[in-house]
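**Q** Those protein sequences? They're chains A, B, C and D, same order as listed.
Count along the first sequence from 1, add 577, and you get the number used in the numbering used here.
Count along the second sequence from 1, add 577, and you get the number used in the numbering used here.
Count along the third sequence from 1, add 577, and you get the number used in the numbering used here.
Count along the fourth sequence from 1, add 577, and you get the number used in the numbering used here.
Keep in mind that the hints were calculated from the coordinates and are not lab data.
Among the hints, a few may not be true.
The list makes no distinction among identical chains, and a pair is therefore deemed to hold if it is satisfied within one copy or across any two copies.
Distance condition first, Cα-Cα at most 16 Å in a straight line; then the derived EDC-like pairs of lysine to aspartate or glutamate [what the hints assert, rightly or not]:
1) LYS635 with ASP951
2) LYS605 with GLU844
3) LYS730 with GLU900
4) LYS639 with GLU668
5) LYS854 with GLU780
6) LYS956 with GLU798
7) LYS953 with GLU798
8) LYS854 with GLU798
9) LYS804 with GLU837
10) LYS734 with GLU900
11) LYS866 with ASP786
12) LYS815 with GLU914
13) LYS866 with GLU844
14) LYS765 with GLU606
15) LYS734 with ASP833
16) LYS631 with ASP786
17) LYS605 with GLU941
18) LYS639 with GLU900
19) LYS930 with ASP599
20) LYS765 with ASP860
21) LYS773 with ASP786
22) LYS639 with ASP627
There are 4 protein chains.
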Amino acid sequence: MRTICVVITARPSYSRIKTVMDAIIKHKELKLQLIVMGSALLDKYGSVVDFIEKDGFKINNKIHTIVEGQELTSMPKSTALGLLEITTVFENLRPDIVVTIADRYETIATAIAASYMNIPLAHIQGGEVTGSIDEKVRHAVTKLSNFHFASTKLAGKRIRKMGENPSDIYVTGCPSMDLTMEVVINHKLDFDPIVKYGGVGSEIDLTGDYIVVLQHPVTTEYDKAGKHVLETLQAVAKLNLPTIWLWPNIDAGSDDTSGEIRSFREEINPQNIYFMKNMSSVDFLKLLKNSSCIVGNSSVAIRECSFMGVPAINIGTRQQSRERGKNVINVNYSSIEIEEAILIQINNKKCKKDNIYGTGDAGEKIADILSRVDLKIEKRLTY
Amino acid sequence: MRTICVVITARPSYSRIKTVMDAIIKHKELKLQLIVMGSALLDKYGSVVDFIEKDGFKINNKIHTIVEGQELTSMPKSTALGLLEITTVFENLRPDIVVTIADRYETIATAIAASYMNIPLAHIQGGEVTGSIDEKVRHAVTKLSNFHFASTKLAGKRIRKMGENPSDIYVTGCPSMDLTMEVVINHKLDFDPIVKYGGVGSEIDLTGDYIVVLQHPVTTEYDKAGKHVLETLQAVAKLNLPTIWLWPNIDAGSDDTSGEIRSFREEINPQNIYFMKNMSSVDFLKLLKNSSCIVGNSSVAIRECSFMGVPAINIGTRQQSRERGKNVINVNYSSIEIEEAILIQINNKKCKKDNIYGTGDAGEKIADILSRVDLKIEKRLTY
Amino acid sequence: MRTICVVITARPSYSRIKTVMDAIIKHKELKLQLIVMGSALLDKYGSVVDFIEKDGFKINNKIHTIVEGQELTSMPKSTALGLLEITTVFENLRPDIVVTIADRYETIATAIAASYMNIPLAHIQGGEVTGSIDEKVRHAVTKLSNFHFASTKLAGKRIRKMGENPSDIYVTGCPSMDLTMEVVINHKLDFDPIVKYGGVGSEIDLTGDYIVVLQHPVTTEYDKAGKHVLETLQAVAKLNLPTIWLWPNIDAGSDDTSGEIRSFREEINPQNIYFMKNMSSVDFLKLLKNSSCIVGNSSVAIRECSFMGVPAINIGTRQQSRERGKNVINVNYSSIEIEEAILIQINNKKCKKDNIYGTGDAGEKIADILSRVDLKIEKRLTY
Amino acid sequence: MRTICVVITARPSYSRIKTVMDAIIKHKELKLQLIVMGSALLDKYGSVVDFIEKDGFKINNKIHTIVEGQELTSMPKSTALGLLEITTVFENLRPDIVVTIADRYETIATAIAASYMNIPLAHIQGGEVTGSIDEKVRHAVTKLSNFHFASTKLAGKRIRKMGENPSDIYVTGCPSMDLTMEVVINHKLDFDPIVKYGGVGSEIDLTGDYIVVLQHPVTTEYDKAGKHVLETLQAVAKLNLPTIWLWPNIDAGSDDTSGEIRSFREEINPQNIYFMKNMSSVDFLKLLKNSSCIVGNSSVAIRECSFMGVPAINIGTRQQSRERGKNVINVNYSSIEIEEAILIQINNKKCKKDNIYGTGDAGEKIADILSRVDLKIEKRLTY
């Protein structure tokens with residue numbers, strides 16, 4: 578029996594790993610260990626712990642690591658706390674392989690602890706290209722990892738070019754697409770998000786056209802976070818379409834983003850926007866699948882929405898360079914550009930689907946590979 | 578005026594950065610900030626603080642970060658402490674550029690703090706290939722860095738292949754060679770190491786042939802550290818040549834290495850070996866320059882000794898894949914192989930010099946570049 | 578010259594130490610060092626840094642220490658971060674005496690760092706009795722301290738009974754009274770708080786009768802924080818008098834308190850309450866001096882308001898057992914009791930002043946003592 | 578079922594709590610949780626983990642917390658690390674009561690974490706008076722604790738005088754006496770310490786008269802630690818009696834103490850002293866019971882040895898003010914005084930036993946009380 582330790586540090590990571598966790602539990606030679614830490618534990622940004630436990634997973638350890646403050650000191654200090662404590666947890670759990678997900682700043686703590694402790698490290702979603710600090714974190718984690726599960730062929734190719742051994746790179750598709758596949762098959766909006774999850778703002782009609790907004794601050798532009806979100810608020814308020822707006826995740830700048838949203842509500846009191854904290858991954862995908870378009874800078878617009886064929890407006894630099902399908906229109910931080918793009922996408926109705934990010938079976942593929950890879954820790958640049 | 582913040586985390590880092598610090602101080606558009614932390618502060622492994630202050634540098638902050646224990650938990654926890662506190666120091670110092678050196682495990686703390694805080698990061702000695710955890714750390718730091726000062730052409734080429742922007746890569750040679758150049762010019766052993774630095778063991782004659790030993794534990798083989806150093810001890814004791822033996826640096830396994838040395842002394846009481854903690858970089862280079870050969874797994878054998886033309890016996894995997902000149906013989910952890918190689922090198926006398934690691938002017942080149950690079954923090958994979 | 582290092586960890590501590598800092602700067606044998614950390618740096622709870630710098634004090638070090646989360650884990654983890662980093666700061670500053678203030682949970686970090694590093698520790702406001710975790714912290718800090726500056730005679734007597742040496746106990750009065758004295762002398766409300774500091778809520782008339790509310794969560798009852806503040810909200814909304822409401826400080830439970838206030842505003846939209854984050858100490862005292870009464874559980878109601886003769890309604894257990902003057906009515910967490918007490922106090926107009934907490938010259942007394950005490954660190958229970 | 582969480586932070590704490598742990602396990606309404614951290618995990622000072630596991634106890638969590646360095650920074654930083662991580666462990670274990678032992682510097686981390694997290698805290702060995710930083714720590718822990726298990730009547734009286742509620746103070750005797758009682762009954766030296774535990778130095782004859790030395794550095798005099806132990810070394814070497822010398826525990830100054838011992842051995846090579854790291858509590862007590870006298874500044878000389886009637890020479894200030902029986906002679910740091918006192922005690926043979934520290938049934942008494950106390954967390958000074 579191999580023990581596979583999955584570390585979840587933020588809300589979106591859960592939907593990117595859930596089907597892998599399912600497959601690990603089902604696999605008869607694997608045993609799951611689960612650590613939840615960082616912003617994944619904070620209710621303010623939507624604790625994902627309830628969803629995880631409701632889905633039947635047992636959490637081995639919860640670790641609070643987020644150091645308060647908008648300033649850029651918060652990210653490295655929170656990473657430091659995570660690194661300090663996850664080391665003790667790894668020492669007690671002694672997993673055979675650690676799995677880390679994507680590119681949020683705290684994930685480097687998982688990668689350092691595992692690699693320094695001679696525990697083989699598997700990385701999901703390496704080899705992609707985006708903007709912001711994520712870009713640096715993602716490739717640094719690749720250089721600390723032993724096994725790479727790439728979401729796209731191009732991502733796999735980039736990992737190889739960075740000097741990783743081809744035999745350690747697996748193009749499995751992204752596990753988020755597995756969840757998305759289920760929604761594509763059964764996509765009825767069979768719940769009322771407002772009733773089920775609550776929030777603030779005016780109640781809106783979701784039976785007709787509606788849009789979904791999700792805009793995060795960009796860490797390398799954190800001092801403009803308030804200004805950036807204001808452009809989106811103005812465009813959306815002007816269009817006056819039924820809108821579900823999700824609060825941003827925790828990052829340097831998120832207080833400014835949230836603060837700007839709060840001020841805007843106080844002053845303008847927009848009549849057709851409902852603000853929510855979060856919902857389960859599957860419910861969120863259903864909400865998106867039935868929407869007219871998604872607006873903001875979340876990767877879900879580019880990954881899951883391309884798979885489902887949901888039109889997207891991608892704002893600013895956060896997803897710059899990320900591989901994308903034909904469902905996306907890119908715009909600047911400009912209320913005019915955003916407004917125009919929304920109008921185009923709404924008339925566009927459902928666009929063509931794309932499976933560059935996978936075919937819906939990544940979870941099983943990854944679990945299977947984890948059960949049979951050689952447990953090595955040494956590696957060397959291939960050139 | 579640009580402020581350049583140099584972070585020294587371990588004894589050997591100082592000699593790799595000293596001439597850069599000299600050149601920063603001399604440069605009229607640059608101002609030096611200096612942080613000393615980690616094992617560089619611990620006397621047990623040879624505090625480098627005395628040398629730094631004697632050389633006239635002012636230390637802005639000292640930070641104790643090493644968490645005790647031989648186990649592999651010590652490395653990630655010490656890194657975490659470093660990351661936590663260096664963040665506060667950077668917030669107070671607010672440097673324009675941070676400079677990190679080489680590939681020791683704690684250097685990733687410097688790299689994370691700087692990159693997460695949007696401070697441009699310069700890395701010295703990237704792009705090389707070796708064994709052990711250093712390999713992972715080095716390339717991860719490259720992916721977090723904005724400017725790369727490579728020691729060799731091949732290293733520069735590798736950094737480019739990893740996807741870094743060619744315009745951010747500078748092949749300056751290694752600053753250690755600057756110091757070494759001074760020793761090559763004036764290499765007389767004009768001091769008695771035993772009198773000047775003290776140590777334990779039998780006093781030895783350094784006027785004739787003598788050898789120098791420096792062997793560190795390998796983090797990925799830490800449980801064999803004692804066994805590995807025993808082979809070297811046996812070979813050296815059997816040859817019975819005058820020997821200066823330097824204690825290893827602090828790493829998982831260093832207690833085993835030191836413990837084995839201590840036991841060997843108790844039991845065998847070798848008559849021609851003198852054990853020392855450390856000495857100034859220049860004195861150490863003079864000691865090497867006048868020796869018959871260097872034995873162990875230190876990079877100094879491959880870098881500085883190739884530049885000076887000192888024969889070297891390189892043991893085991895620690896320097897595996899590092900570019901090397903013709904002064905090196907590689908051997909396994911085997912007392913017989915080590916003994917034979919020493920005999921060959923002693924008869925070999927001075928071998929051909931090599932300048933793959935630089936031409937002795939890296940410090941000035943680096944300071945000059947730091948004074949004029951664009952202070953950017955965004956970057957993206959080139960492919 | 579002696580260096581006296583003052584550590585401020587929270588908003589209210591500044592007004593309790595300001596005149597001591599003034600007196601240290603004026604004293605020709607003393608030199609001030611100033612560290613600001615913890616919630617004193619967080620804007621959300623009202624950063625006091627701006628006031629400190631505006632008053633002309635130089636801050637030597639700022640340290641972010643607050644770990645996010647409502648749970649009770651936040652307090653010990655934030656204390657741990659403070660202890661870790663203040664140690665490094667003390668090592669760099671090397672003060673002759675450290676001064677710590679009152680009894681907030683993070684102050685124990687200052688006390689531990691100083692006492693473990695053999696730096697004499699002076700404690701202001703020991704020997705008082707209240708409820709909550711503060712009670713434990715206060716007396717534990719007394720047991721770690723070398724010099725005690727008590728606010729009242731009774732407090733000084735209690736410190737002696739706890740086994741401290743009588744010659745180390747000084748009843749100086751509380752330095753907050755020094756500031757208060759200035760306000761008593763010149764108490765005109767010569768600014769418009771709403772214009773000067775901003776906030777949210779309906780603008781109110783401060784020219785006639787108005788009340789001030791300040792209610793903190795109680796750490797040992799943190800799960801009821803929302804419920805407790807709701808009672809006060811209901812009473813105050815019902816009375817419909819012009820009200821300035823200050824947000825609570827950061828403590829386990831403060832998110833619930835703030836959340837309840839926010840919900841109440843959304844639902845009820847009370848027309849005569851204005852919510853503010855914070856203001857300078859002197860402005861706050863002027864606001865209080867001109868108010869009809871203060872409502873809540875802040876110590877300012879019992880200390881400064883008794884000195885100024887401002888009627889107070891003290892709610893719940895937080896100030897239980899604290900020595901008080903005749904200006905205070907105690908009530909339970911009950912909207913009816915709160916409402917009745919406010920009505921009584923408003924008709925009560927200005928009540929009799931009291932100087933149990935000092936005579937307005939504590940700052941100078943304390944600085945003078947600090948300049949001449951023996952710098953000892955050893956101590957022993959007197960019985 | 579109540580869960581009682583015992584925290585062991587150092588070698589000597591185990592023997593002070595072992596019989597309590599036994600009694601908790603045997604008690605049908607109690608469940609034991611066990612955390613081992615700090616120097617208790619470090620082999621250099623004698624890991625107690627092996628003894629704990631050999632005795633059949635299950636350790637729930639191990640936490641490495643010791644930050645390297647002789648300087649006084651090591652104590653507060655190690656305490657901070659302990660506080661940070663034990664908080665997470667308490668959050669996961671959720672004990673009903675936490676038990677902390679005695680007065681070592683790290684124990685305050687346990688006390689803070691428990692009290693800040695609203696977990697009732699029980700303290701063993703409060704109310705005693707000694708020198709050094711322990712004095713401050715002990716009483717500060719008393720002020721953070723809810724239940725007090727005093728070793729002597731006088732200690733219990735002092736706790737009451739400090740303002741603790743009489744109904745929370747229990748004079749149970751010290752649990753170390755329970756272990757000692759077993760040795761008193763069966764005290765044959767039925768093992769050869771040198772064979773069983775190993776060490777360095779000349780093998781010695783334990784069949785006749787022999788002495789045992791255990792001398793720790795004093796944290797408030799840490800810069801003289803080397804000088805202090807040298808006096809003892811000189812006295813013991815001159816007497817030339819068979820001597821077992823135990824290495825000191827980890828404290829500021831311990832490197833100097835160990836260093837001085839090592840130098841003395843190199844230079845003088847004393848022929849009748851054997852140096853050992855540690856042994857099981859019971860074996861150590863047997864060694865003492867059969868010795869002619871104990872020399873140094875360990876509390877075992879005053880507590881266990883008075884109970885067993887073993888003569889003791891207590892050196893310097895470390896145990897100053899500790900209640901003692903008639904078995905003790907106090908001397909200064911002076912080789913002459915030490916030598917004379919040893920000669921007196923050796924001729925003194927077995928002295929009168931004393932049971933001021935208990936009657937050998939403390940473990941059961943404590944467990945019984947823990948099973949039935951009210952689980953309260955609030956408390957207030959009694960005056």
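**Q** Each of the hints needs a verdict: does it hold here or not?
**A** Checked hints:
| no. | hint | verdict |
| --- | --- | --- |
| 1 | LYS635 with ASP951 | neither (27 Å within a copy, 32 Å between copies) |
| 2 | LYS605 with GLU844 | neither (57 Å within a copy, 52 Å between copies) |
| 3 | LYS730 with GLU900 | within (11 Å within a copy, 33 Å between copies) |
| 4 | LYS639 with GLU668 | both (15 Å within a copy, 8 Å between copies) |
| 5 | LYS854 with GLU780 | within (15 Å within a copy, 30 Å between copies) |
| 6 | LYS956 with GLU798 | between (35 Å within a copy, 14 Å between copies) |
| 7 | LYS953 with GLU798 | between (39 Å within a copy, 12 Å between copies) |
| 8 | LYS854 with GLU798 | neither (23 Å within a copy, 27 Å between copies) |
| 9 | LYS804 with GLU837 | within (8 Å within a copy, 29 Å between copies) |
| 10 | LYS734 with GLU900 | within (13 Å within a copy, 27 Å between copies) |
| 11 | LYS866 with ASP786 | within (12 Å within a copy, 57 Å between copies) |
| 12 | LYS815 with GLU914 | within (13 Å within a copy, 48 Å between copies) |
| 13 | LYS866 with GLU844 | neither (32 Å within a copy, 33 Å between copies) |
| 14 | LYS765 with GLU606 | neither (36 Å within a copy, 53 Å between copies) |
| 15 | LYS734 with ASP833 | neither (38 Å within a copy, 42 Å between copies) |
| 16 | LYS631 with ASP786 | neither (31 Å within a copy, 53 Å between copies) |
| 17 | LYS605 with GLU941 | within (12 Å within a copy, 46 Å between copies) |
| 18 | LYS639 with GLU900 | neither (34 Å within a copy, 42 Å between copies) |
| 19 | LYS930 with ASP599 | neither (26 Å within a copy, 60 Å between copies) |
| 20 | LYS765 with ASP860 | within (10 Å within a copy, 58 Å between copies) |
| 21 | LYS773 with ASP786 | neither (20 Å within a copy, 45 Å between copies) |
| 22 | LYS639 with ASP627 | within (13 Å within a copy, 28 Å between copies) |
Comparing the model with each numbered hint stated earlier shows that hints 1, 2, 8, 13, 14, 15, 16, 18, 19 and 21 do not hold.
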